[in-house]
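Undergrad: Given next are the chains, with one letter for each unit.
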Amino acid sequence: MGQRGCVERWKRELSRIWAILGCAQISLVAPWLGCPLSQSMTYDVFTFDRTRLRSARAALAADLARLIMRLFLPAVSALFGLSASLASAATNLPQTFTPNDVHDHRQGAFALIGATVHPAPNQPSQVANVWLQDGKIVALNKLPVPAEYATIEVEGLHLYAGFVDLNSGYGLPAPAAPKPFNYSAAQVMDSTTPGAFNSNEAIRSQFQAVDHFAPDPDKAKQLRQLGFSVVLAHRADGVARGSGALIALLDGPAQQAVLRAQASAHFSLSKGSSAQDFPISSMGAVALLRQTFHDARWYQAQSPKPFVDRSLDALLGNQSLPQLMAVSGWLDLLRAQRVADEFDQRWIYLAGGDEYQRAQTVAALGADLVVPLDFPKPLEQGDPALLRMTDLSALQHWAHAPFNPARLRAAGTRIALTSAGLEADQYKPFWPNLRAAMAAGLSPDQALEALTTAPAAMIGAEHQLGRIAPGFAANLLLTSAPIEDPSMQIYENWVSGQRHVLATVEADLRGTWELSLDQQSYRIEVTGSRAKPSAKRLDPREGESNKLSWRQDRGRLGIELIVEGKPILLAGRVRGSEIAAVDGRNWRLTPISGAGQPDQPSTIFLPEPGPLTYPLGAYGRTERPAQSHLLFRNATVWTNESDGVLSATDVRIQDGKISEIGTRLATRGAREIDASGRHLTAGIIDEHSHIAVQAINDTPTNSAMVRIRDSLNPGDVDVFRNLAGGVTAAQILHGSANPIGGQSALIKLRWGALPDQMLIAGADGFIKFALGENVKKSSNSLSVRYPNTRMGVAQFLEDAFSEAEHYRDQWTEWRRLSAREQRSRPAPRVDLAMQALTEVLDQRRFISAHSYVQSEILMLMRLAERHQFRVNTFTHILEGYKVAERMAAHGVGGSSFADWWAYKMEVIDAIPYNNALMEQAGVVTAVNSDDAEMSRRLNQEAAKTIQYGDLSEEAAWKLVTLNPARLLHLDERMGSIRVGKDADLVLWSAPPLSIAARADYTLVDGRIEFDREQTEAMAGAISDERERLIQQMRLAKAAGAETEKPKPKPAQRFHCDDLNGYEYLGASHAH
Amino acid sequence: MRTELNQRRRWPQLLALTLWACAAVCTHAQESALATARPTALLGGTLHLGNGEVIANGSLLFDQGRIVALGARIQLPANAEQIDLVGAHVYPGLILLDSTLGLIEVEAVRATLDNTEFGELNPNVRSADAYNVDSELLPVTRFNGVLSAQIAPTGGLISGRSSVMKLDAWTAEEALLRADDGVWLNWPQRLVTQIDENTLEAALTENPEYARQMGELEDLFAQASTYRRAAPSPRNLKLEALGPLFEGTARLYVRTDYAADFDAAMAFAERHQISAMAWVGAAEAEQLAARLVESNIPVVISAVHRLPIYPDSPFDQAYQLAAHLHQAGVTVALTHSYYMNARNLAFQAGSARTYGVPAEQALAMITSVPAQLLGLADELGTLKVGARATLFVSEGDVLEMRGNRLTRAYIDGMAVNLQGRQQRLYQRYRERYQRGDQVPATD
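The listed protein sequences correspond, in order, to chains A and B.
Numbers 1493 to 2563, taken from the working numbering, label the letters of the first sequence in order.
Numbers 871 to 1313, taken from the working numbering, label the letters of the second sequence in order.
Next comes chain A alone, as it looks inside the complex (with noise of 0.2 Å):
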């Protein structure tokens, strides 16, 4: 065909689209003019037009494609050569199968004219025609639209590019609910999937969203309604989650709406729906996690494989492609954080919503975070006792969370917006939402670029989504306003060039009118939503309905009403407040009040925050305490070293270390503190403890690749109220429900610290065994897990060191082989339980066994003798004393309660003597807590062994500093008082050893941490906050926020055996 040919056949196909277009304008009309109305008749002329229009499009399609690529210039080509690797959306599905119909090829061309185009975030807006085609943007320009072209007036209003979500379920089906884990259930320790399959269950890295994906048309539409136009979808279901499919929010077959069939791999510390008992908590899940992450390093060097594994295979597979990682918020985040690290792993955090807390942090990571718009919302206030039982925290999440996403943009961070956590509401708050988040200080450009270019970029499509340019996707919004306007409203969302009309451009005609029609007059009053106006005659004569029919469509007004039992249709044009009749008859609507009163925006509550504080809670601070220069003024000294007490002596701090020791010292610019009659001692260190954590235990019997340090939780209150009991540090130790239980976490009690800032810096390494009735789950008539008795554990030991050795020799064997074999043979598999065992059997990770009875006391020293190491403490050990000097001559240590006996079989010989006869025997002993109440007065506890068992005050004090820090290795920097030591002290206002004794002040590396006249003077603050947050909820509710009933979580506090620590589970005696 030549060239003018072409343009001949141009012109003849714009004339069709025309008449098209007209006769879909007449529809328009047509149904009013043509059909007698009732009431309850609904009209949607947009599905008659869309249906006329894709008749037309049907009749064009093949050749107008044609004729436009070539019209179009070969830049066109180029541009959608960028998109190649986007399906396109509007292109017509190749069908392989005889349709059940004529075909029906459709080209969409349209051109959207003359609207304030808003390209992309951060630059200018113009008025300019935008021309789509074939699901893509083709043009952006001013010039005039070819005839080809389905030209669309949008004069006045506003188009942006569509919105993508990359944390949606959209089109799979719902993961099952996750089973809670039973203590007094059999166990679960192999998977129950089927198939060659990763050998736990939560790694379910083979999962392909892309296999499972149905269009929702509901849900489609409600994401369209939001702005939504593209999502990413996963199944949030497991560890390793699988792979996500982006997906346009189009109606039309799967096949159509997937975009990329693997467009992401999905991660999470949570096992989802796993039956399998491990991990039951985020630490496990951790160490699953990096477990998994080598077996695929070392799955990927195996050849030929050993065995299958298609979990494996599948991660291998989607290493390529961008990661996402769903976390609970910035603690899980910045666990999570450290497997990337290990791993060089880039993960786009699925974030939880509490990351203002850490803004900084967080944005130091570098990391894009997707972050949710669920924010929680006032409370109810009709039940004093529930609202009460809601904790500071809470309220203050409350306040600050629509600030979360405008801090994170201001530290830095890239962030995504996301409608997840919305479905159960029908994503209604996420307009409202967005709106608090900016006014909360995020910028409409920072908005849209979280809701466009961001999302696109992150997973790679910043060539093909989140702008209006030609080339990308014709994900168009169509709004009534700027996006920051308050009243902006979405009209249309076209995706892939796929027209989806939301809600008609109708003017607000809400008010009475006087309707005057052949020399009559009515009064009609309209009342309703401006979307949906209904109408009602205000003055019906005798006999008449007041019914009466109002449709307002694209400006058009249709009015019927019945007058003398006869329809009357009127028919009319709307121009701002001007209404026309159009239909020739002489009628007239006369404003009488109300009418035309614009919407008033719903207006937005922003709850006034207050200062951030860390943590959220009661006694958090709004910065840590410095480092200060202190002296304490003749303090009776507590020395523990050789010195023993000395009385009205002085001691100095400066960076944070004990700097000097005397009396009358020099100021020298010191803070002064009058310790006249009061008692100077190193802080208490508590050699068991479980506060600052999330949870405690997992459940393999060898948990020993499961880390405390991935569990801590600095925020936990029970840290400061342990700081105003004189604790200073603290071994968080692993819980005993395994044989082996999990790494421990050598912490400083900084309050408000991160958690890595807690740990002890250069600490050795330490872990929890576990011997007796909780390992062998006594209390659980259901168990099948081996070992049953103290013989078996007595052998599962044995065979766990066994393993571990044999698993050192083919590490050393390895790496005794040249570079070159070491290339041509694949490492050994990691194993990190068995790595950790090693560290143990090298006399680089020590063993805090929790153990009571003497038999397996005997046995546990046995099997290190025999494996050439050393326990290094047995922990509770209540009966330790029977077996005293068997300890000493083994050189391990003993940890244990003052006084705690007879709540199971095993305690039963328990005496609180044991400690002083431990002691006596050379056995270097402790008092702890396992108990965080106990905790805030171990030196009570300690001071029990004066009364049984005769020790001295000072040997008494010395089991809660010094001995303890013996045990953890910190002795040369902990437990007494000596320069150069770590200025971690205690002023008690009386001797420590007293019931009188409060610590007034607690210091940790020079710190002032507690400080109690200060503290005692925060009491009121804090119920002052509490109340003033409670009244902004109250001015939330006002201002017409919705409200939901609290739901406080009850307090969690740990014992060694606990699962998840609740009270409720009256597990809070089980040690």
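Heads up, a few of these hints could be off.
Below, a list of computed lysine to aspartate or glutamate pairs in the DMTMM-like style, where the Cα atoms sit at most 25 Å apart [stated by the list, open to error]:
hint: 1; chain 1: A; residue 1: Lys2539; chain 2: B; residue 2: Asp1066
hint: 2; chain 1: A; residue 1: Lys2541; chain 2: A; residue 2: Asp2516
hint: 3; chain 1: A; residue 1: Lys2396; chain 2: B; residue 2: Glu1006
hint: 4; chain 1: A; residue 1: Lys2396; chain 2: B; residue 2: Asp984
hint: 5; chain 1: A; residue 1: Lys2541; chain 2: B; residue 2: Asp1133
hint: 6; chain 1: A; residue 1: Lys2396; chain 2: A; residue 2: Glu2357
hint: 7; chain 1: A; residue 1: Lys1671; chain 2: B; residue 2: Asp999
hint: 8; chain 1: A; residue 1: Lys2537; chain 2: A; residue 2: Glu1872
hint: 9; chain 1: A; residue 1: Lys1920; chain 2: B; residue 2: Asp1066
hint: 10; chain 1: A; residue 1: Lys2396; chain 2: B; residue 2: Glu1079
hint: 11; chain 1: A; residue 1: Lys2539; chain 2: B; residue 2: Asp1127
hint: 12; chain 1: A; residue 1: Lys2539; chain 2: B; residue 2: Glu1079
hint: 13; chain 1: A; residue 1: Lys2537; chain 2: B; residue 2: Glu1079
hint: 14; chain 1: A; residue 1: Lys1869; chain 2: B; residue 2: Glu1076
hint: 15; chain 1: A; residue 1: Lys2541; chain 2: B; residue 2: Glu1079
hint: 16; chain 1: A; residue 1: Lys2539; chain 2: B; residue 2: Asp1133
hint: 17; chain 1: A; residue 1: Lys1869; chain 2: B; residue 2: Asp1066
hint: 18; chain 1: A; residue 1: Lys2396; chain 2: B; residue 2: Asp1004
hint: 19; chain 1: A; residue 1: Lys2537; chain 2: A; residue 2: Asp1593
Residues from chain A shown here face chain B by an in silico Cβ test under 8 Å; the list is partial [claimed, not checked]:
hint: 20; residue: Lys2058
hint: 21; residue: Pro2059
hint: 22; residue: Asp2391
Per the computed footprint, the stretches of chain B lying under chain A, defined by three or more beta-carbons under 8 Å from a beta-carbon of chain A, are [unchecked claim]:
hint: 23; segment: 972-984
hint: 24; segment: 1208-1220
Everything labelled a hint here was simulated from the structure, so no lab data went into it.
All residues carry an ideal CB built from backbone N, CA and C; glycine is no exception.
Fit chain B to the known structure of chain A by using the hints.
TA: This is chain B only, laid out in the frame that chain A set:
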């Protein structure tokens, strides 16, 4: 094995016999109180009367199980055994409220649990029918000065009836100080913990059973009130058991920590014309202090050594509660319900004292106030003429770990052997180490 020998003279002999095999079978036989044959005079100690008063350098004489004289100077009968107490302290025996001693032996072993009956409404069950006078817990608890206890069932809505027991006796009947002194009501929980199926997060939500449980309580008490007047046949054990509450001869003990609950409980008691009640647990008692004073309702603080009720409560809330209530004029008793460490009762009072309760008043909270609650004010809890000679001598301040060191204890004037199995084990192993027995060989 019962002899008329003074127990104090016997125990050194017993120590010589402390063989493990014996320890398993020797229970109270060696340790039980034995009546002193003649009047006993404790001379020259500090007498802490339990009612807030102290007699420095005082003396006390008891005979036939009763205190017959006390003061700075007392007349001694010629045959009195005179015990010189210089520097030591005399206290009335501490009284432990709301205890499961003798009902629980080993918490983890179901066979040893006699504290919770099946069902929600058990006013008829009686701790006196199950109290194990030979429990190994008793000597351990006596060791620190607790000589009487109110033994109360637990669980359900109405757990049952408590009785007051001596902590040393040959039989449960001999131990009985007062039968069925109280009915124990666990106020229905308004909130329960629910686990979200999807997130596995726990949250407190309204107890769906609350209305039903309240209805059952209302109905039970209404019918019990009628039953008392009409005495229909056949008997109804549950209704019958509640009768004394309406007579004012038994106290209704309501266990809850929450002010809203106890507020409802007070209205409940008023509706059913129950005159004697007490609030047990009572973490939020400060909120109702004025009304508690006005209605003369005592509070039993279930532990001073416990964590604050809410995460954002003042960090020392539990420590200060007794002082705050005392300052407001509320009648306060302290207890330490958890059975294994009931021996730390004195230290609850010690901590209350540290946090503001006047010293002797802190003692009263575990002596005279509990006695008053139990209707035994003339019998126990105060050193006074006519009261039972249930008392002890401590080398130091009994509210202090460093001072709590009992040298003698008497129940109804009979000397109590303070040395229990724990002491025997201690001696046994201490002697072993002193002898330098061989360290077991390693393999």
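Undergrad: Next, verify each hint and record whether it holds.
TA: Here is what the structure says about each hint:
The suggested pairing of lysine 2539 of chain A with aspartate 1066 of chain B holds, with an alpha-carbon distance near 11 Å, which does not exceed 25 Å. With a C-alpha separation of about 21 Å, the suggested pair lysine 2541 of chain A and aspartate 2516 of chain A falls inside the 25 Å cut-off, and the hint holds. Restraint check for lysine 2396 of chain A and glutamate 1006 of chain B: satisfied, since their Cα atoms lie roughly 13 Å apart, inside the 25 Å limit. Restraint check for lysine 2396 of chain A and aspartate 984 of chain B: satisfied, since their Cα atoms lie roughly 15 Å apart, inside the 25 Å limit.
A distance of roughly 24 Å separates the Cα atoms of lysine 2541 of chain A and aspartate 1133 of chain B; the hinted pair therefore holds under the 25 Å criterion. Restraint check for lysine 2396 of chain A and glutamate 2357 of chain A: the C-alpha separation of about 29 Å exceeds 25 Å, so the hint is violated. Our distance criterion of 25 Å between C-alpha atoms is broken by lysine 1671 of chain A and aspartate 999 of chain B, whose separation comes to about 42 Å. Using a Cα cut-off of 25 Å, the hinted pair lysine 2537 of chain A and glutamate 1872 of chain A holds, with the two alpha carbons roughly 5 Å apart.
Using a Cα cut-off of 25 Å, the hinted pair lysine 1920 of chain A and aspartate 1066 of chain B holds, with the two alpha carbons roughly 23 Å apart. For a cut-off of 25 Å, the pair hint linking lysine 2396 of chain A to glutamate 1079 of chain B is broken: about 32 Å separates their Cα positions. Of the supplied pair hints, the one linking lysine 2539 of chain A and aspartate 1127 of chain B holds, its CA atoms being roughly 19 Å apart against a limit of 25 Å. Taking the CA atoms of lysine 2539 of chain A and glutamate 1079 of chain B, the gap is near 18 Å; set against the 25 Å cutoff, the hint holds.
Proximity of lysine 2537 of chain A to glutamate 1079 of chain B is assessed by CA-CA distance (about 18 Å); at most 25 Å being required, the pair is judged to hold. Distance restraint check for lysine 1869 of chain A and glutamate 1076 of chain B: the Cα-Cα separation of roughly 19 Å lies within the 25 Å cut-off, and the hinted pair is therefore satisfied. In summary, the hint linking lysine 2541 of chain A to glutamate 1079 of chain B is supported, as the alpha carbons are separated by about 20 Å, within the 25 Å threshold. The hinted pair formed by lysine 2539 of chain A and aspartate 1133 of chain B meets the criterion: a straight-line CA distance of about 23 Å does not exceed 25 Å.
With a C-alpha separation of about 18 Å, the suggested pair lysine 1869 of chain A and aspartate 1066 of chain B falls inside the 25 Å cut-off, and the hint holds. About 18 Å separates the Cα atoms of lysine 2396 of chain A and aspartate 1004 of chain B, which keeps this hinted pair within 25 Å; it holds. For the hint linking lysine 2537 of chain A to aspartate 1593 of chain A, the alpha-carbon distance of about 53 Å lies beyond 25 Å, and the restraint is violated. The beta carbon of lysine 2058 of chain A is not positioned within 8 Å of any beta carbon in chain B (closest approach about 59 Å), and the interface hint is therefore violated.
The criterion of a C-beta within 8 Å of any C-beta in chain B is not met by proline 2059 of chain A, whose closest approach is roughly 54 Å, and the hint is violated. For aspartate 2391 of chain A, the shortest C-beta to C-beta distance to chain B is roughly 6 Å, which falls under 8 Å, so the interface hint holds. Counting residues of the segment 972-984 of chain B whose C-beta lies closer than 8 Å to any C-beta of chain A gives 5; at least three are required, and the coverage claim holds. Check on the segment 1208-1220 of chain B: 8 of its residues sit with their Cβ under 8 Å from a Cβ of chain A, so the three-residue criterion for coverage holds.
Going down the numbered hints, you'll see the structure goes against 6, 7, 10, 19, 20, 21, while the others check out.
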